[in-house]
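Protein sequences, first through last, are from chains A and B.
Read in this note's numbering, the first sequence has 475 at position 475, and its numbers run on one by one without any break.
Read in this note's numbering, the second sequence has 649 at position 148, and its numbers run on one by one without any break.
Everything labelled a hint here was simulated from the structure, so no lab data went into it.
Be aware that one or more of the hints could be misleading.
Stated by the list, open to error - From the derived model, a few chain B residues whose C-beta atoms are all more than 12 Å from chain A:
| id | residue |
| --- | --- |
| 1 | A519 |
| 2 | A527 |
| 3 | T536 |
| 4 | K597 |
| 5 | W621 |
| 6 | L625 |
| 7 | L654 |
To be verified - Rough simulated footprint, nothing fancy, chain A against chain B, three-plus residues with beta-carbon under 8 Å:
| id | region |
| --- | --- |
| 8 | 546-559 |
| 9 | 580-587 |
| 10 | 601-609 |
All of these numbers come straight from a predicted model, not from anything done at the bench.
C-beta: ideal position from N, C-alpha, C; glycine also.
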Amino acid sequence: MTAMLMSLQALFMGPSLLYMMLGVILGLIFGAVPGLTATLAVVVLVPLTYSLDPTTGIAMLIGTYVGGVSGGLVSAIMLNMPGTPASVATTFEGYPLAQQGKAGKALGTAVISSFVGTFLGWVCLVFLSPLLGKVALAFGPFEYTAALLFGFTAVVTLAGDSVFKGIVSAMLGLTLCLIGRDINSGAARATFDIDALSNGFAFIPALIGLLVISEVFSQIKTIGERYILPKQKLDHILMTAQEFKESITNFIRSSLIGVGIGILPGIGGSFANFVCYDQAKKASKNPESFGKGNLQGIVASETGNNATIGGALIPLVALGIPGDTVTAALIGGLMIKGITPGPMFIKEYPEVFYTILNSLLLSGLFMMLFMLLIGIRVFPVVLRLQKHYLLPLVLIMSLAGAYNVNFSVNDIWTTVAMGMLGFILDRMRYPKTPIVITLLLGRGFESQLRRAMAFSGGSILPLFTRPYALLFILLSLMTLIPLIFRAYRKSKSIKVDTQGY
Amino acid sequence: MKKYENIFLLGLICICTAIGLASRSAPSFGHETITAGQYGLVMGLLAAVVCAGKIAANIIFKEGTYNYGEKSEIKGQKLIAIQAVMMFLYAWGIIKVGYFTVTFVYLMVSLVILSDSKGWKNILKYFVFTTCFTVGLNFVFKIFNVFLPKTPLI
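Put together the whole structure using the sequences plus the hints.
Spelled out as C-alpha cells, the structure:
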C-alpha cells in the first residue's frame with residue numbers, strides 16, 4: 001500500500017499525469033477514427049516515449065491503451081463503423097439507438113460502461129494477478145480448443161434472423177483462414193502461388209474491410225441523405241439510477257468475461273465484446289429487443305472490452321507474457337527503458353508495477369470525465385460531416401491504418417477485397433459478425449486443435465476430462481441447446497413470405 | 502434476389518472447394534495426427550457442403566432473402582461501381598505512385614462525384630478542402646511517424 005501511494009505521488013508530481021492525459025486523448029482520437037486502432041495508437045507512441053522517464057512513458061502508454069479501446073464507441077454509435085475491433089458489438093445497439101435520436105444516451109452509457117469495465121479490470125489486476133496468472137499457465141491446447149469452441153457458439157447467437165446464413169458466413173471465415181502459412185510449420189498452404197496470399201489475411205485489415213469499407217459502400221447507396229445520422233440533441237447522457245441498477249449484473253458478468261478473455265494470451269481482447277454481448281442477450285428477458293437499441297447490449301460490449309485491459313495486463317505483470325497485441329507493444333515500451341517483464345517483475349520493479357496500476361485507474365477516470373464533459377459534445381460534431389466528405393475520408397484513413405498494422409502492401413489489398421466481400425454479404429443479407437469471429441479465432445483454433453490432437457495421439461477424451469476444458473464444453477452446450485430449441489419452435493410458427501425477383 | 506443468392510452460394514462452393522483441395526498439398530510437420538493438408542481439406546469441403554445445404558434449403562423450403570414488402574432495388578448502383586473502381590485505383594496508387602499524391606486526386610474526384618453540388622464555387626471549395634486535408638495529414642503522419650509504402654512521389 002505504501003509503495004502504491006508513493007507511486008501515485010510520483011504520478012501527480014512532474015509531467016507524468018499530463019502525459020497520461022495526453023495519451024488518453026490521443027488514444028480516443030485513434031479509437032474514434034474508423035481504420036485507426038488502439039494497437040496502432042500504442043505502436044505509434046512507443047518511440048515517442050524513448051526520451052521520457054519510465055513512470056511518464058508507461059503512464060502515457062497505458063493512457064493511450066485505455067483511450068484507444070474506449071474511443072471506438074464514438075464511431076460505432078454515430079457511424080455504424082467500429083473505430084476499433086473491440087467496439088464491433090457496440091454498433092449492434094448503439095447505431096440503432098442513434099437512429100432513434102438517442103445518440104446521447106448511447107454515448108453516455110458506453111462511456112460509463114467503459115469506465116466500469118476499466119475499474120473492475122483494475123480490481124482484478126490488483127487483487128488477483130498471481131492467482132489468475134496461475135490459471136493462464138494451466139491452459140493447454142485442450143483448454144484453448146474448448147474455449148474457442150465456446151467462442152464459436154457466439155456465431156449462432158449473433159447470426160441474426162437466419163442461423164443457417166450465419167453458419168455459411170462463419171464457414172467462409174474458417175476457410176479463408178486456411179490461406180497463407182500453416183501456423184505450426186510455416187509452410188505455404190492454399191496460396192495458389194500468389195505472393196499476395198503468402199501471409200494470408202491479417203485480421204485487422206480484414207476487419208476494417210468487412211465492417212468499415214463495406215459500410216462506406218452501403219452509405220453511398222443513400223448518398224441522397226446528406227448525413228449518416230440526422231442532427232439530434234445529445235441529451236440524457238448520464239445513465240439514470242434505475243438504468244445503472246439494472247446494469248449491475250451485466251457490469252459484473254461482462255467484466256469477469258472481459259478479464260477472463262484478456263488473461264488468455266492469443267485469444268484476443270477483440271473477442272470479448274462479442275462474448276459479452278452474446279451472454280447479455282442470452283441472459284436478457286427480452287432477447288428480441290437486441291439489435292433494436294437495447295442499452296444492455298452497449299453496457300455488455302463496452303464493459304467487456306475495457307475489462308480486457310486489466311485482464312491483458314495480468315499475464316504481463318504476473319508472468320511477463322503479453323495478453324494481446326497492445327500489451328506486446330507495451331512490453332516493447334518497457335524493454336526500451338531497460339525493464340524486462342518476467343515472473344519476478346512485481347518483485348524487481350515494484351514502482352513500475354504500481355505505476356501501471358495507478359495509470360490504469362486514473363486513465364479510466366480521466367477518460368470518463370473527458371468524454372462526459374467534452375468528448376461526447378465534440379467528437380460527434382466532428383464526425384458529423386456530410387457524407388460526401390466523410391465517406392472518402394474514412395476510406396483514406398482506413399487504408400493508411402490497414403498498411404500500418406504490419407507495414408505490408410498486401411494488407412491494403414486485403415482491406416479492399418474484404419470491403420467488396422462485406423458489401424456483397426450485405427446485399428445478400430448475410431451477417432458479417434460470424435465471419436469476423438471466425439477470422440479472429442480460426443487460426444488459433446486450428447493451431448490449438450492440432451496441437452491437442454498431437455499431444456493426445458488423436459484422442460478427444462481430454463476435452464472432457466480436463467477440468468477447464470470440460471467447463472467450456474459444458475458452457476457451450478448450455479448456450480447452444482436452448483438456442484437450438486428456441487429456433488426450432490420459432491421456425492414451426494413463422495410464416496415465410498418470399499418474393500422472387 | 503433468390504437467384505442471385507444461389508449464384509453467390511455457388512461461387513462460395515467453388516472458392517471453398519478450391520481452397521480445400523489446394524490445402525492438400527501443404528507439407529506435414531513431424532508426426533502430426535492432423536496435418537495442415539488434412540485440416541484444410543476437411544474445412545474447405547465442409548464449408549462447401551454447408552453452402553450446398555443452403556442452396557438446397559432455399560429450393561426445398563423456398564427460403565431466400567426476405568423482402569418484407571419493401572422495394573429492394575440498388576440505389577446509387579452507378580455511384581457504387583464508380584467508387585469501387587476508384588478504390589482499387591486508389592489502393593494501387595498508394596503502392597505504386599505515392600500516398601499523398603493519390604489521396605489528393607482521390608479525395609478531389611470523390612468530392613465532385615459524390616456531391617450533388619457541382620458548380621465552380623463548390624469545386625473550388627473542394628480543392629481548398631482537399632489541399633488543406635492532404636497537407637494536414639502529411640504533417641500529422643510525420644509527427645506520429647506513420648509509415649507509408651516507399652513510392653516515387655510523396
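Could you work out which earlier hints the structure fails to respect and list their numbers in ascending sequence?
Numbers 1, 2, 3, 4, in rising order.
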